[in-house]
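Peer 1: Turn these sequences into a full structure, and let the hints guide you.
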Amino acid sequence: MSNDASIQGGRLRRAPGAQSIGRVLRALGVQPRLAVILIPYVWLVLFFMIPFLIVLKISFAELAIAQPPYSPLLVCADPEISSTWLCFVEGKISVHLSTKSYVGIVSEYGKPFYDTLYVRAYWNSVVTAFFSTILCLLIGYPMAYGIARSSSTVRNLLMMMIILPFWTSFLIRIYAWMGLLKDSGVINNALIWLGVIDSPLSMMNTQFAVYVGIVYSYLPFMILPLYANLEKMDLTLLEAAADLGCKPLKAFFVITVPLSLPGIVAGSMLVFIPAVGEYVIPELLGGSNTVMIGRELVNVFYQNRDWPAACALAIAVLILLVVPITLYQYYQNKEAEAGK
Amino acid sequence: MAAETPAHYHTNTPWNEPGAEPYIRVENVTKKFGDFVAVNDVSLNVYRGELFSLLGGSGCGKTTLLRMLAGFEEPTSGKIYIDGVDMAGIPPYARPTNMMFQSYALFPHMTVEANVSFGLKQDKVPSAEINNRVRQILDMVQLTQFAKRKPHQLSGGQRQRVALARALVKAPKLLLLDEPLGALDKKLREATQFEIMNIQDKLGITFMVVTHDQEEAMTLSTRIGVMNQGQIVQIGTPQEIYEYPNTKQVADFIGSVNLFEGRIVEDESDHVLIDSPEAGGRIYVDHGISSAPGAKVWAALRPEKIQLVKGDRGEPYNCIKGTVKGIAYMGNLSVYLIALDSGKEVKVTMPNQVRAAEQMIGWDDRVTLTWHANSPVILLS
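Chain order of the listed sequences is A and B. Going by the UniProt record's numbering, the first sequence opens with residue 1, and the numbers climb by one from there. Going by the UniProt record's numbering, the second sequence opens with residue 1, and the numbers climb by one from there.
Accuracy of the hints is not assured; some may be wrong.
One side of the interface only, derived from the structure: several residues of chain B facing chain A at Cβ under 8 Å [what the hints assert, rightly or not]:
(1) Pro92
(2) Tyr93
(3) His109
(4) Thr111
(5) Tyr317
(6) Glu345
Negatives, chain B to chain A, calculated, CB over 10 Å [as the list claims (entries may be wrong)]:
(7) Ala70
(8) Pro91
(9) Thr97
(10) Met99
(11) Leu106
(12) Phe118
(13) Gly119
(14) Asp123
(15) Ala128
(16) Thr144
(17) Gly156
(18) Val233
(19) Ser256
(20) His287
(21) Asp312
(22) Leu337
It is worth saying that the hints were derived from the structure and are not from the lab. C-beta: ideal position from N, C-alpha, C; glycine also.
Peer 2: Shown next, in the form of structure tokens:
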């Protein structure tokens, strides 16, 4: 072992500290080289895998008046045995799994399964996220295109303007929208003052306000990957298209758009995925009549105090999002393959 | 690439016929980018079926001139006519030109077939005809079996041929080629040069090639326009440019050359005698020029037109002496670097008719340089 380490040390000159770390890792049976890639894995296991498993576990429990408020996963058949471990050794342990919370998502008294509160919330979330993504794309593409095609000094300034809002708290920006959209808000006052309208438009607590909030908040996430893609596009391709008789507008649709597809997919995923589970924006701008899954989840957790149902909802959201995430990765891999 | 030598190749010389109508006319074209003058008052006539090369170093304005013909740049002043039509204000997509880009600019998301048919589709050619013409042209550049591939699955030479096919398939009035062989290795370049010449001959399309490679320009072209600092300094056939350069600059740019500065001693109709201390003797040229006696001139002498003889010989003219300072063996020929007694260094190339080991002339040998009286070119500037 030490012999091996000294060979390694001889081949590559390393800091003495690194060498001793390497020795410790070797003593633990871990290749130092592996240790480097281990860090992100450890991170994922600690902060994603374990919490996910806990949530998954709770989702299969039942609501109980207890502390914590759900039934345990492992139940001992013999109430005499107090320790779970002893119970396990005695072989009297049984695993208690309940699908009640999942069934609860699609069952509601007097309603078909597709019309329950939660299914409607899911559906509404997906629809909202979908149209928000489309809106972000329609607004973000021209912006990204404009930035990518402007001179380098202007470009830096414009990028700065895209990123600048992040320097203010997300919550403050949403509250600012409340100030803009409410009945006595800036927009209504301005329109009344201009004589366009007589009575204020009710924009707050509507689906419209939710769209405004989501599109406003997530637009940079659409613009940044699109910009990165469009900026590196070879402009001689457009000259070649023009040279071959293709007018600029058509060249945009047959050359630029197909080549920016990876950027479109990346941007859309970055908007769609968080928008589905969005809580703050519908809560603050959408009011009580906006049914979205993020809000329902919070209600179930904090008001109903039904942890298993909340966890089941969370797991269902995750499954709902796995499809677009997989699609996203598929495109990323394809782009990497086409490579260069 | 099997093709019989085209019989009329390089034999039609429309630029010498008085009544011939030029196909492409560039009239006093100037292009400025801010303060920088990229192309400076260039006039140029190219005739139908020509393969015209613009030759020059980087930044000489040749690519800008090509881009003005394609319509990517508008001239600051001057006119461009293609087949009698004024091109001013006509966008690239409406011009009867096609361009082969230096980077090839193949559409990465389209197959070879789609790339080649792209131009025809823009013209709304019936699909049956598109298929036909694409098949023919892919056949011609020997890419039929790669029709379904994407550009990134092709080698450099194959991509170059796709680019050529894509530009050719529309049978444009003028085909523009920007450094067409720049990215290819030597063997492939030579093969492709002849391929381009054959295709040009077969289709009769007028070609305009931009290149910095004089060898490429010499092999391909019917005529060459040598450019420098935005201006055309000489137009002529490859032979004219090489054998009769009109300035030191052209002489130096095309091939290598030895320049001897001197003053005219005698200027008769049948000969000129130049006294050149730099050469260490007198230079006799068997044709006259008309200039004032005593005028400062340069005699340009190509390295391959000089004979090397071992030892000191004495003749009144065209005979100078020196010492061998270096020999570069190139296989088919050797380049000798000779230090003249005047201190000037002269380059001489000699074919290796006998094996190198048996070469007569070695390092530090005393040698005499001689040449034929019609070999030097007298340059006034």
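Peer 1: Could you run down the list of hints and mark each one as holding or not?
Peer 2: Results of checking the hints against the structure:
Given hint, Pro92 of chain B at the interface with chain A, holds; its Cβ is 4 Å from that chain's nearest Cβ, closer than 8 Å. A least Cβ separation of about 5 Å between Tyr93 of chain B and chain A falls short of the 8 Å threshold, and the interface hint therefore holds. Because the beta carbon of His109 of chain B sits about 5 Å from the nearest beta carbon in chain A, less than 8 Å, this interface hint is met. Using the Cβ-Cβ criterion of 8 Å, the hint placing Thr111 of chain B at the interface with chain A is not satisfied: the shortest such distance is roughly 13 Å.
For the restraint placing Tyr317 of chain B at the interface with chain A, the shortest Cβ-Cβ distance is roughly 56 Å, beyond the 8 Å limit, so the hint is violated. Proximity of Glu345 of chain B to chain A is violated relative to the hint, the smallest CB-CB distance being about 43 Å (cut-off 8 Å). Residue-level check failed: Ala70 of chain B sits 6 Å from the nearest beta carbon of chain A, not beyond 10 Å. Under the 10 Å C-beta cut-off, the non-interface status given to Pro91 of chain B relative to chain A is violated; the minimum distance is some 7 Å.
A beta-carbon of chain A is positioned within 10 Å of the beta-carbon of Thr97 of chain B; the least distance is around 7 Å. Not every CB of chain A lies more than 10 Å from the CB of Met99 of chain B, the least distance being 5 Å, so the non-interface label is violated. Distance check on Leu106 of chain B: its Cβ comes as close as 8 Å (rounded) to a Cβ of chain A, failing to clear the 10 Å threshold; non-interface status is violated. For Phe118 of chain B, the non-interface assignment is contradicted: its Cβ lies about 5 Å from the closest Cβ of chain A, within the 10 Å cut-off.
Its closest Cβ contact with chain A, about 4 Å, brings Gly119 of chain B to no more than 10 Å, contrary to its assignment away from the interface. Not every Cβ of chain A is farther than 10 Å from the Cβ of Asp123 of chain B; the closest lies at roughly 6 Å, contradicting the non-interface assignment. The claim that Ala128 of chain B is not at the interface with chain A holds, since no C-beta of that chain comes within 10 Å of its own (minimum 19 Å). A cut-off of 10 Å between C-beta atoms confirms that Thr144 of chain B is not in contact with chain A; the least separation is 21 Å.
Separation of Gly156 of chain B from chain A is adequate, the least Cβ-Cβ distance of about 13 Å exceeding the 10 Å criterion. Chain A leaves Val233 of chain B outside its interface by the beta-carbon criterion, the shortest separation being 28 Å against a cut-off of 10 Å. Chain A leaves Ser256 of chain B outside its interface by the beta-carbon criterion, the shortest separation being 34 Å against a cut-off of 10 Å. Residue-level check passed: His287 of chain B sits 47 Å from the nearest beta carbon of chain A, beyond 10 Å.
The beta carbon of Asp312 of chain B sits about 60 Å from the closest Cβ of chain A, which is more than 10 Å, so the claim that it is off the interface holds. Look at Leu337 of chain B: its CB is around 43 Å from the nearest CB on chain A, clear of 10 Å, so calling it non-interface holds up.
Of the hints listed earlier, those the structure fails to meet are numbers 4, 5, 6, 7, 8, 9, 10, 11, 12, 13, 14, in rising order.
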